[in-house]
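**Student:** Sequence:
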Amino acid sequence: MTDDPREIICELCRQFYDQGWVSGTGGGISIRQGERVYMAPSGVQKERLKPEDLFVLDADGEVLEAPAGEAKVSACAPLFYNAFRLRGAGAVLHSHSVNAMLATLISGDAFRVTHLEMMKGITGVGYHDELVVPIIENTAHECDLADSMAAAIEAHPKSHAVLVRRHGVYVWGEDWVQAKTHAECYDYLFEAAVQMRKLGFDPNEGPRAPELEGKPHLTH
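If you want the working numbering, it's the 1-based position in the sequence shown plus 33.
Since the hints were derived computationally from the structure, they do not count as laboratory data. Some hints here could point you the wrong way.
The calculated lysine to aspartate or glutamate pairs, modelled on EDC-like cross-linking and capped at a C-alpha distance of 20 Å, are [as the list claims (entries may be wrong)]:
hint: 1; residue 1: K153; residue 2: E163
hint: 2; residue 1: K191; residue 2: E150
hint: 3; residue 1: K153; residue 2: D86
hint: 4; residue 1: K213; residue 2: E40
hint: 5; residue 1: K153; residue 2: D51
hint: 6; residue 1: K191; residue 2: D180
hint: 7; residue 1: K191; residue 2: D142
hint: 8; residue 1: K105; residue 2: D142
hint: 9; residue 1: K191; residue 2: D208
hint: 10; residue 1: K153; residue 2: E207
hint: 11; residue 1: K105; residue 2: D86
hint: 12; residue 1: K83; residue 2: E103
hint: 13; residue 1: K213; residue 2: E150
hint: 14; residue 1: K213; residue 2: E80
FRET-style restraints, in silico, Cβ to Cβ [unchecked claim]:
hint: 15; residue 1: E68; residue 2: P240; range: 39 to 49 Å
hint: 16; residue 1: T156; residue 2: Q52; range: 17 to 27 Å
hint: 17; residue 1: P240; residue 2: G154; range: 33 to 43 Å
hint: 18; residue 1: E95; residue 2: E40; range: 34 to 44 Å
A virtual CB, placed ideally from N, CA and C, is assigned to each residue, including glycine.
Given the sequences, and given the hints that come with them, work out the whole structure.
**Tutor:** What follows is the structure in structure tokens.
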């Protein structure tokens, strides 16, 4: 298995495209290795990326290496750097998953679930805990989300993600493996919560007595 960030980003973008997370040139992933940050350019077909298409930036966001042509640094860059600087992340994923977008429509200022097995895939979270993901409001331009995302990260130190209403989600980890694991588990939980709501269950309520389990929790 390669440890080249350029190769890894291209591989993950193909996987995430197949999952519907980075379609239509949206979304992306960035990996930090030492003082170098690797990032796909803005507005490109992520599933067709090659290693030479990526930007390399320094810890301050200055471009060290740029691909040929007129490529532009990802509009997500300020948000990726939020996770690098405020959480010490080694990798950050931005997904346009439909599950993530729908999860913001069934939630207020935060997405909340409890007693779901896949919560255990999120670092620091157990089955009996309440998992909370802050939600920020979308803006017309991606870069304008940076301040509200930073505030959400600081207000929710246990979260490894920030949802953007009617948009998608930013997820991070200490390295690309953990970020990928977190992203997959969060996406499962987003989908589960939406489906539970459809069936009349509250995803933020735990199991009840055995004779009541399997019946909807909600009365409205």
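**Student:** For every hint, state whether the structure bears it out.
**Tutor:** Cross-check of the supplied hints:
1. For the hint pairing K153 with E163, the CA-to-CA distance comes to about 11 Å; that is within 20 Å, so the pair holds.
2. A threshold of 20 Å between alpha carbons decides the hint, and for K191 with E150 the separation of about 18 Å falls inside it, so the pair holds.
3. Distance hint between K153 and D86 is unfulfilled; the C-alpha atoms sit about 35 Å from each other, more than 20 Å.
4. Of the supplied pair hints, the one linking K213 and E40 holds, its CA atoms being roughly 15 Å apart against a limit of 20 Å.
5. At most 20 Å may separate the alpha-carbon atoms for a hinted pair to count; K153 and D51 exceed this at roughly 25 Å.
6. At most 20 Å may separate the alpha-carbon atoms for a hinted pair to count; K191 and D180 meet this at roughly 19 Å.
7. Restraint check: the Cα-Cα separation between K191 and D142 comes to about 16 Å, which is no more than 20 Å; the hinted pair holds.
8. Taken as a hint, the K105 and D142 pair is broken in the structure, with Cα atoms around 32 Å apart against an allowance of 20 Å.
9. For the hint linking K191 to D208, the alpha-carbon distance of about 17 Å falls within 20 Å, and the restraint holds.
10. Distance hint between K153 and E207 is fulfilled; the C-alpha atoms sit about 16 Å from each other, no more than 20 Å.
11. Of the pairs offered as hints, the one joining K105 and D86 holds, with about 11 Å between alpha carbons and a cut-off of 20 Å not exceeded.
12. Annotation: proposed proximity of K83 to E103 holds, straight-line Cα distance about 16 Å (limit 20 Å).
13. The hinted pair formed by K213 and E150 meets the criterion: a straight-line CA distance of about 17 Å does not exceed 20 Å.
14. At roughly 16 Å between alpha-carbon atoms, K213 and E80 fall within 20 Å of each other, so this suggested pair holds.
15. For the pair E68 and P240, the supplied restraint of 39 to 49 Å holds, since their beta-carbon distance comes to about 47 Å.
16. Remark: the range hint 17 to 27 Å for T156 to Q52 is upheld by a beta-carbon distance near 21 Å.
17. For P240 and G154, the Cβ-Cβ distance of about 19 Å falls outside the hinted range of 33 to 43 Å, so the restraint is violated.
18. A hinted range of 34 to 44 Å is violated for the C-beta pair E95 and E40, which are about 23 Å apart.
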